[in-house]
Structures are given as C-alpha cells and as structure tokens.
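J.: Read off the chains here:
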Amino acid sequence: MKPPAGKSDRKNFWRLACLLLAVAGKTFAATPFESAAALTPQNKIDELVFARLDELHIAPAQLCSDPVFVRRVSLDVTGTLPTAAEAQQFILDRNPDKRRVLIDRLLALDEYADYLAMKWGDVLRIKAEFPINLWPNAAQSYHRWVHDAIRDNVPVDQFARELLTASGSNFQKPPVNFYRAMQNRTPTGIAQTVALTFLGERADQWPSNDLAQLAVFFANVGYKTTAEWKEEIVFFNPASTNAAAVNGSTLEAVLPDGSTVKLSPDTDPRVVFADWLVKDPQFAKNIVNRAWSWLLGRGMVQEPDDFRADNPPSNPKLLALLEKEFVSSGYDFKQLFRLILNSRTYQLASIPQSSDPAAVANFAYYPLRRLDAEVLIDALDQISGANEKYSSAIPEPYTFIPDNLRSIALPDGSITSGFLEMFGRPSRDTGLESERNNRITAAQKLCLLNSSLMQKKIESSRMIEFQTSSNRAPADIATGMYLGILARFPTAAEIKTTQDYFQSGVGKRQAAVDLAWALMNSTEFLYRH
Amino acid sequence: MSTNYFDFEKQRPRISRREAIRRAMFAASGLVLANHLSFKAYAAPRNARAKAVIQIWMWGGPSHIDIFDPKPDAGYDYCGPLKTPIETNVSGIRIGELLPSLAKQADKYSIIRSMTHGNNGHETASYLVQTGRQPGGRIVFPCVGSVVSLTKGYDAGYKGLIPPYVVLTEPQGRFDEAGFLGSRFKPFATGGNPAQMPFAVEGVVAPGITDQRQKSRRELLHHLDTLAQALPEDPQIAAATQSENMAYDMILGDGAKVFDLSQEKPEMRDRYGKTKFGQSCLVARRLVERGIPYVTINYGGWDTHKENFQAMRRQLPDLDKGFATLLQDLSERGLLDSTIVWWGGEFGRTPKVMWEAPWNGGRGHYGKVFSAVLAGGGFKGGQVIGASDARGEEVKDRPVYPVDLIGSIYGQMGIEATTKLPNPEGLPTFVLPMPEDGIKTAGLLKEIMSA
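Line by line, the protein sequences give chains A and B.
For the record, in the first sequence the residue sitting at position 372 is 384 according to the working numbering, with numbers rising by one throughout.
For the record, in the second sequence the residue sitting at position 30 is 33 according to the working numbering, with numbers rising by one throughout.
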C-alpha cells in the first residue's frame with residue numbers, strides 16, 4: 013500500500029478520513045455495508061428484476077456502500093482484492109459516476125483475462141493429467157489461447173466456432189484441445205461435452221435418440237499421434253469407422269432443434285454444427301446465464317449448466333433480455349459484464365430486507381459466497397507479500413512454474429497446492445460448474461485459524477511490519493489494516509475495540525499480528541459480500 | 004434391505020436403451036466379473052467385525068520379491084543379495100530376510116501373493132488399486148478411504164472431532180482421493196512429523212501460541228466480525244460458525260490430545276521405532292482407538308528404480324519395526340479384531356534386477372503380479388493367498404484383482420456393494436462396480452473372510 017508521502021500529512025489524512033467516515037456512517041446507513049442512496053433502476057435489468065420482486069412482494073436489499081462495491085467488483089471482475097490505496101482512492105472519490113469508471117478500468121486489466129481464463133479453464137477442463145490428459149505443453153498452449161481470446165474480447169460466437177471446428181496439432185493449434193480435454197472421446201462422449209459446454213444442458217438426460225443424433229456431427233473426429241512426444245493431431249477423418257457406426261449409411265443429420273441437414277462426405281460436419289450452434293438462442297442463453305451466475309452467485313437457471321424444460325429460469329424475461337442484448341452486441345462478453353455490473357441489481361447489499369425464501373433466486377440481495385480457493389490464497393498473499401508454492405505431480409516434462417505466479421493465473425489444473433485442494437478448487441474432470449466447492453469445512457477453518465501456513469504469512473507480512481514501525485497509534489494501525497485487508501475504513505466501534513486490545517498488555521507487535529489474524533479470519537474477508 | 008445381487012437389480016435407476024444393450028452385451032459375454040455372484044457372500048454381515056482400517060500405503064510400488072514373496076531359487080539376477088528368506092511363526096510361510104519382527108507376527112496377517120492389474124503407471128495403478136476401477140472412465144471414483152468416510156463418517160452418525168478419514172502425514176497427491184464425492188470426503192492430512200516433539204499437526208497444534216492467546220484472539224475476532232453480526236440469519240455464516248466451533252474443539256479441546264505422543268510411555272514409542280513411519284503407526288493406533296474409521300499412512304520411498312537393494316536395507320527395518328509393533332499392539336489392546344490393517348502399494352517391481360547403469364541394481368514398475376497383506380478386522384491370519392510363479396513374474400495361482408481386495412474390505416466392514424455413491428451427474432454409481440462395468444474380478448477373498 014502507498015500512503016501519502018510525508019509522515020504528518022499521512023497522519024492528518026488518515027484522521028480526516030476516519031472522521032469523515034465515522035460521520036458518514038452515523039448519518040446515512042445502519043452498517044458500513046449499505047448505502048442510503050435511493051434505489052432507482054439503472055438499466056433494463058433493474059426494471060425486470062425489481063418488477064419481479066414487486067410481484068412477489070419481496071423488498072430488495074439497500075444499495076451496497078462504496079467500500080463494499082470496490083471490493084466486490086474487484087473480486088468479481090479480476091479475482092483480485094483491491095489494494096489499500098485503490099480502496100481509499102475509490103471511497104474518497106467524489107465523482108458521482110465513479111462506479112461506472114471503476115468497472116471500465118477493471119475490465120481493461122490483465123487480471124480480468126487471468127480470472128476469466130480460470131473460469132473458462134474450469135468449463136473447458138484445462139488440465140495436463142489424469143483423467144483429462146491434455147499433457148503439459150498442450151495445457152499451457154490451450155490456456156494461453158483462451159486467455160488471449162478473453163483479453164482481446166474475441167466475440168464469443170467466434171470463440172466457440174474456433175473451438176468446435178479446429179483441426180491440427182495440440183501444440184500448434186491450441187483450440188483442438190477442446191476435443192482432447194474429455195475423458196470420453198467417442199462421438200457420444202464428445203456430443204455430451206459439447207452440449208454441456210455450449211448449450212448448458214446435460215445430454216445424458218436427453219432422450220437417447222437426441223444424443224445419438226448430435227453424436228453424428230462428431231463421428232468424423234480423428235485423433236493420431238506423431239513422432240513428437242505427446243503431440244496429438246485432431247483432424248477431420250471422412251473414413252472414420254465411428255461415422256459408419258453412428259450414422260449408418262445416410263448422410264443426414266438432425267440438429268438439437270429438430271431440423272434436418274444434409275451432410276456432404278467432404279465437408280466436416282463439425283462446421284455445419286458450429287454454424288448452427290452460434291445462431292441458436294440456447295447458445296446465447298447459456299453464455300449469459302453463466303456470466304450472470306459468475307457475478308451474482310447463482311444463475312437465472314440454476315445450476316447454471318443445467319437447462320431443462322423442468323428447470324425453468326427464475327426470471328424468464330431477464331434471461332430473454334440478456335440474450336437479446338448479448339446477440340445484438342455481437343456476442344461481446346465485456347459488454348455483457350458491463351451491463352450486469354452497472355445494474356443496481358448487482359450493486360445491492362448482501363444484507364437482505366426480506367426473509368422470503370424466494371428472495372435469493374430472484375436476486376433481492378447479493379448472496380454471500382466464500383472466496384474461491386485461488387482468489388483466497390492470492391488475497392492472503394497480496395496482504396502478506398508471500399508467494400504460494402505450487403507443484404505438479406507430472407514427472408516429465410517438468411512444468412516450469414514461476415515463483416510469483418498468482419493462483420488465478422495458473423494455466424493448468426494439474427498444477428496445484430495443498431491449500432487449493434483443501435479449499436475446493438475444481439478437479440476439472442467433468443466441466444460441471446458444481447465441481448467447484450466453496451463450502452467451508454472445519455479443516456479449512458483449522459487452516460485459516462491455526463496453521464503454520466497462515467502463521468508464517470502473517471508473521472512475515474510487510475504490511476504488519478510497516479504498520480507497527482515508528483510510533484503509529486493503534487487507531488492508525490487499525491485504519492491501515494482495515495484498508496489493506498477489508499478495503500474499508502474501520503468504524504468508531506471497531507477502532508475502540510482495537511485500542512482496547514492494544515492496551516490489554518499483549519505487546520504492540522503481537523496485538524498487530526492478532527488484529528491482522530482476526531481481520532483475515534473475518535466473514536467480511538473470507539466471503540464475497 | 005437388499006441382501007443379494009439380484010434384489011438389487013430391481014432398485015436400479017432407469018437406464019437408456021443403449022445403455023441397456025451395452026449392459027446386456029457384457030452380461031452375455033461372461034468374460035468379466037463372471038463370478039459376481041460371489042458378491043452375495045458379503046450381503047452385509049449384521050455384526051460386521053471391522054470398525055476401522057489402517058492402510059499402510061507403500062507409495063511408489065514396493066518390491067514384492069524382496070518383501071513378502073521371496074524367490075530364493077530364482078537366482079542372483081532375481082534376488083540379488085537378498086537370497087535367504089526367513090521362517091515365520093507360521094510353518095510353511097517364509098518372508099524376506101529383512102523382516103524379522105514381522106516374521107514373528109505372521110499368524111496375525113495373510114499375504115496375497117497374486118495381486119494383479121497389469122498397469123505400470125504410478126497414477127493409474129494407484130487409482131486402480133484404491134478404487135478398483137479402470138482409469139479413463141467418464142468419472143473419477145473415490146478411493147476406499149473416501150467411501151468409508153461416506154458410509155461410516157458424519158452422515159452415518161460418526162460424531163468424533165477428528166475427521167473420519169485421516170492421512171499421515173501428506174495426502175496422496177497423484178490422484179484425487181475423493182473423486183466425484185468431492186472435497187468433503189478428502190482425508191484430513193496432518194502434515195508435520197510425529198517423530199518430532201511436538202507433532203505439529205497442521206491447524207491443530209501451533210507451536211508457540213498458548214491456549215490463552217488462542218482464546219483472547221478468538222474473542223477479538225468475534226468482536227470485529229461486523230458483517231457476521233449484521234447477518235445473524237445467514238446460512239453461510241451459520242455453517243462457518245459450526246466449522247469454527249469444530250476447529251476450536253480440536254485446537255483447545257480433546258482433539259489435539261490424540262496427536263500428543265507424550266501421553267504414551269517412552270517404551271511404547273521406542274517399540275514402534277522413533278522414525279516417521281514408526282510413530283505414524285503409533286498415531287494410527289491412537290486414532291482407531293478413538294473411533295476414527297479410516298487412517299492412511301502414506302509411506303513413500305518404494306519407487307526403487309535405482310539401487311533397490313540399498314533402499315531395501317535402509318528402509319525395510321523401519322517398516323518391519325513399525326508394522327510388526329502395530330499388529331502386536333493392536334492385538335494386545337483387543338483392537339485387532341475390529342481393525343483391518345491393509346498393507347500394499349500400486350504395483351510390484353520387476354523381478355529381474357537391472358544391474359546395468361544407470362539403474363545399478365534397480366527394479367522397474369511391475370503391475371502384472373505383486374503382493375498385498377491383510378490383517379485384523381475378522382480376516383484370518385497365517386494364510387497365503389494365491390501364488391506367483393518361480394520367478395515372481397506371473398500369477399501362478401488364484402489371481403486377486405484390486406476390486407476383489409477392496410470388496411473384501413467392504414464386506415468385513417459391513418458396507419454393502421449396492422450402497423449408492425452420489426455423483427454430480429446423477430449417474431448410477433455404487434460402492435462396487437457392476438458386472439457391465441467390465442472390471443476384472445476373481446471373486447472375494449472368501450478364504451480369509453469371516454463367515
């Protein structure tokens with residue numbers, strides 16, 4: 013963190029800021045998490061969500077406060093905690109349009125691409141070894157390709173098309189790894205993966221005939237090895253025996269919407285399918301629903317990858333609106349994020365105003381979610397200045413893992429650490445969103461409360477060293493730590509608690525360590541809120 | 004309650020036509036799981052004797068020919084310098100010469116000398132041996148420890164503070180123990196080293212932090228947990244509070260004491276050997292004594308590609324002391340009858356020694372035939388099951404596939420083959436594979452199972 017340069021400036025600055033906040037806190041809102049600003053619809057999302065809530069007689073939460081917003085949007089868009097300086101700058105910024113400005117700034121950061129590549133890496137199962145077996149080099153090149161597509165905001169229809177129609181070497185043509193990153197490479201297995209990834213549907217629940225029909229489009233996918241170690245070519249194989257088994261002698265195929273298409277023996281049927289897919293409304297629905305669930309904690313259709321006739325969206329008009337907006341923007345993913353992030357719906361506080369059980373499915377508040385394993389360890393390391401140590405169990409070729417690599421930027425699901433495993437990082441075996449497990453367990457609590465890992469991080473933290481250096485008063489220490497760890501200023505009551513603890517005779521350094529420990533174990537730190 | 008395989012057919016979920024055809028084809032082929040009827044044998048004994056498992060996992064693949072399946076007549080190119088196996092306290096059973104203490108306990112265990120699966124990759128073979136499934140299927144199955152954690156753990160009335168599945172000291176890493184059951188069924192890995200004082204169990208014992216400080220900073224945490232105070236009704240926070248209480252019961256309550264080896268007499272600690280493995284065996288005994296149903300001792304160092312015989316001379320005395328004392332101690336305390344001890348790794352090692360550089364007397368991976376040992380929990384001791392050929396290269400008699408061994412353990416524990424394993428895709432998955440899954444079997448180990 014970067015406080016103002018001069019020592020006395022710094023002190024005055026903190027005091028002033030504290031005072032402002034303490035006053036603001038008392039005057040406007042009941043908690044430091046809510047804002048008293050009026051809840052007026054900001055865009056069409058809000059109109060549809062608020063109308064639905066009105067229908068159900070559910071009161072929405074209040075708008076979230078600025079400190080909550082800066083932390084929330086940084087975590088949701090970049091998987092990264094704001095620094096103390098960023099938090100402070102945003103909180104004190106008087107520009108009424110500052111939330112929109114922040115959203116645009118975050119969407120332009122590298123961390124946005126890192127974090128979204130992690131999300132897509134889960135969906136696409138980017139993992140070197142068992143049971144997916146992409147192999148290290150291919151996992152790296154595939155991740156790089158996905159990352160760059162996200163960074164460059166490649167339209168999602170084009171992204172999907174490239175994944176579905178690619179042919180070539182797993183090293184040279186990264187998107188071919190889509191067809192390698194699955195345990196079952198039969199035409200039926202591929203069809204199931206395609207349906208899950210791009211339609212958000214569980215094809216094994218379809219009538220079996222439908223699945224067989226979709227499999228026809230993948231009957232000519234061929235795989236062959238080369239003299240290069242662990243290189244594999246994915247190609248269009250007109251002579252595939254799979255094709256005969258799946259299609260029989262006909263060259264007709266039926267698309268998931270029921271329409272029949274003619275296949276010619278010299279055209280790759282994957283191209284025919286991809287052309288259809290990206291124009292199918294379900295493709296866009298799947299993408300917008302995933303994006304929504306990534307930001308709001310649950311899909312309009314929940315689970316987000318389980319579209320079924322008997323699992324309807326909680327707000328069909330909202331799903332239709334986002335689908336329409338997404339298609340008309342030219343499948344612009346950043347624009348979709350921007351639309352959602354600027355809504356008041358996204359910006360609601362996490363403190364519900366209604367105990368109606370339907371509140372959460374109708375987005376009446378922002379639900380608490382434990383930080384993802386990768387985001388949590390990165391946040392702990394950001395505060396403490398430590399680096400997580402990763403390892404890959406793959407014997408050879410050895411994977412080079414740079415020291416300062418952040419967990420959200422890990423290219424390969426086989427590269428891992430004890431912490432990531434314990435905190436429910438997905439194994440990337442199936443591509444299901446539910447593979448990620450963010451449920452808190454006693455073992456996780458033991459790790460956070462009392463492990464040598466946490467102890468070392470806190471003891472060696474540069475922030476604590478800085479905060480306890482010179483003659484900083486407990487109130488200043490509290491302010492610095494609150495900004496660095498929780499991205500907000502402490503309340504008057506919190507300052508009082510801190511001062512009491514510092515005066516309880518435990519010693520300054522130990523009191524500071526315990527304060528950092530307490531904040532890093534607080535609900536506010538461990539959860540998105 | 005279903006008590007045999009055929010009853011179970013009725014309670015199957017609906018399956019697709021294609022799936023039905025596939026299953027019918029397998030059933031007709033008769034090639035695999037041919038005698039799956041033998042699973043009837045284990046129609047969940049009402050009073051299953053085994054309540055716990057201690058798994059000594061010989062990570063890397065221990066050399067069968069140097070340990071429990073000596074072949075002194077095969078000559079120097081097979082035995083190297085370890086050519087004089089020793090008699091045990093069961094007449095007719097001889098084991099490797101570096102295991103004098105285990106030789107005195109042979110009446111307590113049975114040796115399976117005909118384990119086989121034919122897979123020579125560490126990861127895939129580990130998966131095979133610990134799940135009984137072929138790798139590369141659509142989903143990843145849980146290993147025995149996770150299945151026991153599911154069927155004997157918190158959802159089945161287990162109330163201990165210590166999680167029901169513990170690994171000493173590091174998790175397996177090469178494959179995900181819990182598979183599709185998810186992280187809740189992964190083992191609690193202690194970290195630390197039980198041969199050091201204190202045994203710094205990760206998260207439980209924090210050297211240098213007094214109980215008083217633990218309490219005062221916990222109080223500070225509660226005072227400053229402003230968001231939790233603003234959300235008294237939130238289910239996430241309720242779950243977190245429950246987990247936190249459990250954690251503190253471990254840190255400040257009885258949980259930590261089970262790992263405190265200073266509560267054992269020094270003579271007892273010495274008997275096990277003051278090595279990491281020996282003391283892990285002692286901790287394992289303390290854990291099963293307190294009702295933890297599954298403990299894995301993850302014991303590495305057996306991937307002896309190079310200088311195998313030096314490694315055997317260095318490591319087998321530790322194994323011998325720890326394992327033999329564990330059996331004796333469990334028996335003396337009356338715990339052996341209710342505790343299965345399962346020893347084994349993912350495969351054996353090439354019987355023919357590679358004398359040439361760079362191996363210099365090494366042995367490679369060998370999944371075609373290898374050994375495992377079972378003791379306690381109602382398994383008969385003093386038996387040898389199956390045999391390898393004169394050079395330990397092929398199964399000669401009574402093959403035992405991983406699923407046979409695993410199924411026998413489940414049988415002794417009263418875990419029914421038909422217990423459903425919940426998986427995220429809603430597929431019909433059960434504790435043991437179905438015939439149509441195409442898993443090779445030669446039947447349960449009825450030779451040594453309790454009737």
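Each hint should be verified, as a subset may be incorrect.
Partial list, computed: chain A residues near chain B (C-beta under 10 angstroms) [to be verified]:
#, residue
1, 44
2, 46
3, 47
4, 51
5, 307
6, 449
Treat the hints as calculated values from the structure; they're not laboratory data.
Bear in mind that the values here come from a model prediction, so they are computed numbers and not experimental data.
Beta carbons: idealized from backbone N, C-alpha and C, even for Gly.
J.: Okay, which hints does this one fail, numbers in order?
T.: 3, 4 and 5
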